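Peer 1: Residues per chain, in single letters:
Protein chains: 2
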Amino acid sequence: MLVEIVTIGNEVLSGRTLDTNFAFLARALEAASVQVGWHSTAADAVERIGEAIRLALDRADAVVVTGGLGPTPDDMTRKAVATVLGRPLQLDEAVRERILTRIRRAGRKILPAIESQALLPLGAEAWPNELGTAPGILIVHKGKPVVLLPGVPAEMEALATTCLVPYLRERSGRRVETFTLRTAGVYESWLHEKIGQAPTAWPGATLAYLPSYFGVDLRVTVSGTDEARVLDSTGRAYDELKALIGPWIYAEGEQTMEEVLGELLLERKWRLATAESCTGGLLAKRITDVPGASRYFERGFVTYSDAAKVSQLGVREADLVAHGAVSEPVAMQMADGARERSGAELGIAITGIAGPGGGTAAKPVGTVHIAVASPEGAAARKFHFLGTRRTVRERSAQTALDLARRRLAGLPLDPKLD
Amino acid sequence: MLVEIVTIGNEVLSGRTLDTNFAFLARALEAASVQVGWHSTAADAVERIGEAIRLALDRADAVVVTGGLGPTPDDMTRKAVATVLGRPLQLDEAVRERILTRIRRAGRKILPAIESQALLPLGAEAWPNELGTAPGILIVHKGKPVVLLPGVPAEMEALATTCLVPYLRERSGRRVETFTLRTAGVYESWLHEKIGQAPTAWPGATLAYLPSYFGVDLRVTVSGTDEARVLDSTGRAYDELKALIGPWIYAEGEQTMEEVLGELLLERKWRLATAESCTGGLLAKRITDVPGASRYFERGFVTYSDAAKVSQLGVREADLVAHGAVSEPVAMQMADGARERSGAELGIAITGIAGPGGGTAAKPVGTVHIAVASPEGAAARKFHFLGTRRTVRERSAQTALDLARRRLAGLPLDPKLD
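Chains as they are written, first to last, in my numbering: chain A, 1 to 418; chain B, 1 to 418.
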C-alpha cells in the first residue's frame with residue numbers, strides 16, 4: 001500500500017515551521033507496513049488543498065492530510081475536502097457535544113467559530129481527539145481512505161498512533177512485526193561494523209539505524225504474508241542483535257532512558273538528586289518528564305553560578321579556583337553534595353561548557369564532566385561532545401542518565417568496544 | 001512569481017531525515033520576493049522525479065529541485081530532468097575539469113562515477129559549487145527556470161544564497177514583506193475575534209494564526225508588484241495589529257520569551273533565581289537555553305519533594321499542611337525563598353499538578369500556581385492548563401516566563417480581555 005501524505009499550511013510552505021509532522025507520520029506508517037510514495041505541501045487555500053488531494057487520490061492508495069482543521073478562517077481543509085470529493089459538510093452532533101463539553105470543562109468561552117470543527121464531509125467518520133477540539137476524520141472515497149488529522153503535533157501524533165496506524169494495518173492485509181533496540185554511548189558506524197551483514201539472514205526484514213541526540217536506535221521491521229515466518233524472522237533478528245550489541249542497549253521500543261532509570265530506582269527503593277551547571281535544569285526536566293517521578297526524584301540543584309555550587313552543594317572554593325568549575329573534582333563534589341544535602345541515595349552531577357562561548361584551548365566547547373555518587377562512592381567521566389549548545393546539553397543529560405543507569409544496574413560504566 | 005520546490009530522496013520520504021533543505025530554500029526565496037506555491041517530495045527513482053518535475057513545470061513559474069545530484073547510482077535527478085525535458089545529457093568539459101581539479105587537490109582517488117556529475121542537460125548552465133563536486137544547474141525551459149541543486153545542506157545553501165536568490169530576484173519583479181508578532185496568554189479564538197476582518201483592509205496581505213505551546217504567533221505576509229504599496233500595506237498591518245492586540249505581544253520575529261526576559265534582566269542588571277515543583281527543571285532549562293544566560297541566571301531550585309521546599313526555600317510546613325504544596329501561599333513562599341536564598345533580585349516559582357495522576361476534584365490536573373517575587377513584593381496567579389503532562393509543563397513554564405517579563409517591564413500581570 002502506497003500512501004500520499006499532504007501537509008497543509010502556509011507556515012510550513014514558507015519554511016518557517018519545519019515539517020516534523022510529515023516525518024512523524026512517515027515513520028509511524030512504517031509500523032503499519034505502509035510506505036509513503038509521495039509527499040506534498042499545500043498552502044492554506046481551498047483550491048490548493050483541493051488540487052493536492054485530487055492528485056493524491058489519483059496516484060496513491062490512501063491519502064493522509066495533516067493541518068488546516070482549526071477553527072479560524074485560514075483553516076480550510078474541511079471545506080476543500082468537501083468540495084473536491086463532492087461531499088457537503090454536515091454538522092455532527094456527537095462531535096459538537098464533545099467539543100462544547102471540552103471547552104466548558106476548561107472554563108473557556110464558547111465562540112461560534114469553534115463549532116466549525118464539528119462539520120464533517122458527508123459519510124465521514126470522526127476519530128475522537130483527546131488532546132484538542134478538532135477530531136480526526138476518515139472518509140473512504142471510491143474505496144480509498146482519505147484521513148484528515150489536525151496539525152498540532154501532539155494531537156496529530158496521538159491520533160496517528162491510536163487510530164490511523166491500527167486502521168491502515170488492518171486494511172493492508174500484511175503481517176508486520178517491528179521492534180526497536182535503543183543504544184547509547186556508541187557511534188552508528190561502530191554499530192554498523194559490529195552488525196555487518198547479519199540482517200541478510202532475516203527473511204523479510206529491514207534494519208534501520210536511527211541516530212539522534214539520545215544515541216542510535218535500531219529498528220527492525222519484518223513484513224510478509226505468512227505470519228509464522230514473520231514471527232520467526234523477527235525472533236531471530238532480536239536474538240542476534242542482542243548477542244551482537246547487548247552492552248549498549250539501554251531500552252526497547254519507545255522507552256526512554258529516564259524511564260529505565262526510574263524503574264531501577266523504584267526497584268532499589270532509592271531516591272535521586274541532581275546537580276547541574278551547563279545543562280541548566282535539563283537533566284531534572286528529563287527525569288521529571290516521567291509521570292510518577294516524585295516517587296524517586298527528591299530534588300535538583302541548578303547551580304549555574306560558582307556561588308551556588310559552593311553554598312548549595314558544598315563545592316570547595318579552593319577547587320573552583322585551582323581546577324575551574326568544569327573539572328573532575330568539582331563534578332565529584334557536586335554529585336556528593338547533591339546526595340548529602342538531599343538525603344537521596346543517588347546523586348548525578350554535570351558541569352561543562354555548552355557554548356557557543358566560554359571555550360578555551362584546554363577546555364573547548366563540548367568539554368563536560370559527569371559524576372555519579374552512590375553509597376558505593378563517586379565516579380566521574382570526561383566527555384567531548386560535538387555540535388551546538390543544544391546538542392552538547394542534550395548529549396550531556398543523556399550520558400548522565402546512562403551513567404546513573406549503569407551504576408544502579410551494577411554494569412561497568414565503560415563497556416568495552418572490541 | 002510562484003515557485004515549486006521539489007525535494008528528492010528516499011531518506012526524506014521515509015521520514016528519517018527532516019527536510020531542512022526545503023525550509024531553508026523557502027525562507028531564502030522570500031528574500032528574492034519569490035513565494036513558494038508548492039512543495040513536493042519524490043523518491044529516488046527516475047520516473048517519480050520526472051513526474052514531480054513535469055507537474056511542477058505545469059503549475060509553477062519556476063522549479064527548484066534539491067537532491068539526487070551525487071555520483072552514486074541512487075542519484076537520478078540529472079537523468080530524470082534530461083528525460084522529462086527532452087534535453088539529452090552532455091559532458092561539460094569545463095565542469096569536468098573543475099571536478100577533477102577539486103578531487104586531485106583533496107588527494108582523493110578519481111572514481112569514474114564522479115564524472116557523471118559533469119553531465120548537464122542540453123542547454124544548461126552550471127553554477128560552480130565551492131564546497132563539493134556537483135555544480136548547481138540552471139535550465140530555462142520554455143521560458144521557465146528549472147534549477148537543480150545538490151542535497152548536501154551546506155552545498156545547497158551556498159548555491160542558493162550566491163546563485164539562486166540573486167537570479168530569481170532579478171526575474172521576479174515582485175516585492176514581498178513579512179513580519180511575525182508573538183502572543184502569549186490568550187487563545188487563538190479570542191485573537192481572531194479581536195482582529196476580525198481587519199486584514200481585508202491590508203492590500204495584498206495574508207494573516208496566519210500559528211498556535212503552539214508557547215502561545216499564538218501571528219504572521220503577516222504582504223506581496224505585490226508596487227514596492228511603495230507593499231510597504232504601506234505592511235506598515236498598516238503592523239500598526240493595526242499592535243493597536244488591536246498589543247498587550248499580548250511579547251516578541252517579534254523569532255525571538256523567544258526567554259530571550260526577551262534575558263534582555264530585560266540585563267537592562268535592569270537584575271539576577272534571577274527559579275523555584276520549580278511540577279515543571280521539574282523545565283523553567284531553568286528554558287532560561288539557560290539562551291547563550292550567555294549566566295550573566296543573569298543565578299541558580300534554580302527544583303524542589304520536587306515537600307522536604308526540599310522546606311529546607312531549600314524556607315516554605316512553612318504549616319502552610320504545606322494547611323493548603324497543600326499546590327497553593328498560592330506555597331507558590332509565594334517559593335518565589336520569595338528563591339530570591340532570598342540566592343541573593344537574586346527576581347524569583348519565579350511554579351507549583352502545580354502536571355498529571356496524569358495526582359489530581360483531585362478541588363485541584364484537578366492542570367492546576368498550577370505561579371508566583372513572581374521582586375523588590376516590589378510578590379504576586380501569584382492561578383491557572384488551569386489543559387492537555388497532557390507535557391503540555392501542562394510547557395504552558396506553565398511559558399506563563400511563568402511571561403509573568404516575570406510583565407513584572408520586569410512594569411506591565412500589568414493580567415491584561416484585560418474586553
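None of these hints come from the bench; they were simulated from the model.
Hints are not guaranteed to be accurate.
Said to hold, decoys possible - Simulated pairs of lysine-lysine, BS3-like, Cα-Cα distance not exceeding 25 Å: (1) B:K242 to B:K363; (2) A:K363 to A:K269; (3) B:K242 to B:K194; (4) A:K363 to A:K382; (5) A:K194 to A:K142; (6) B:K416 to B:K194; (7) B:K382 to B:K363; (8) A:K109 to B:K144; (9) B:K109 to A:K109; (10) B:K416 to A:K109; (11) B:K416 to B:K382; (12) A:K79 to B:K242; (13) A:K194 to A:K416; (14) B:K79 to A:K109; (15) A:K242 to A:K363; (16) B:K142 to A:K109; (17) A:K269 to A:K242; (18) B:K142 to B:K194.
Predicted model only: the values in this text are computed from it and were never measured.
Peer 1: State for each hint whether it applies.
Peer 2: Evaluation of the provided hints:
1. B:K242 to B:K363: Violated - the C-alpha atoms of B:K363 and B:K242 are around 36 Å apart, more than 25 Å.
2. A:K363 to A:K269: This hinted pair is violated, its Cα atoms lying about 38 Å apart.
3. B:K242 to B:K194: holds, 12 Å
4. A:K363 to A:K382: holds, 11 Å
5. A:K194 to A:K142: violated, 49 Å
6. B:K416 to B:K194: Measuring from Cα to Cα gives roughly 12 Å; hence the hint holds.
7. B:K382 to B:K363: holds, 11 Å
8. A:K109 to B:K144: This hinted pair is violated, its Cα atoms lying about 51 Å apart.
9. B:K109 to A:K109: violated, 69 Å
10. B:K416 to A:K109: holds, 15 Å
11. B:K416 to B:K382: holds, 16 Å
12. A:K79 to B:K242: Not OK: A:K79 and B:K242 at ~31 Å, beyond 25 Å, violated.
13. A:K194 to A:K416: OK: A:K194 and A:K416 at ~13 Å, within 25 Å.
14. B:K79 to A:K109: violated, 58 Å
15. A:K242 to A:K363: violated, 37 Å
16. B:K142 to A:K109: Violated. B:K142 to A:K109 sits at ~55 Å, over the 25 Å cutoff.
17. A:K269 to A:K242: violated, 28 Å
18. B:K142 to B:K194: Given that 25 Å is the threshold and the Cα spacing comes to 48 Å, the pair is violated.
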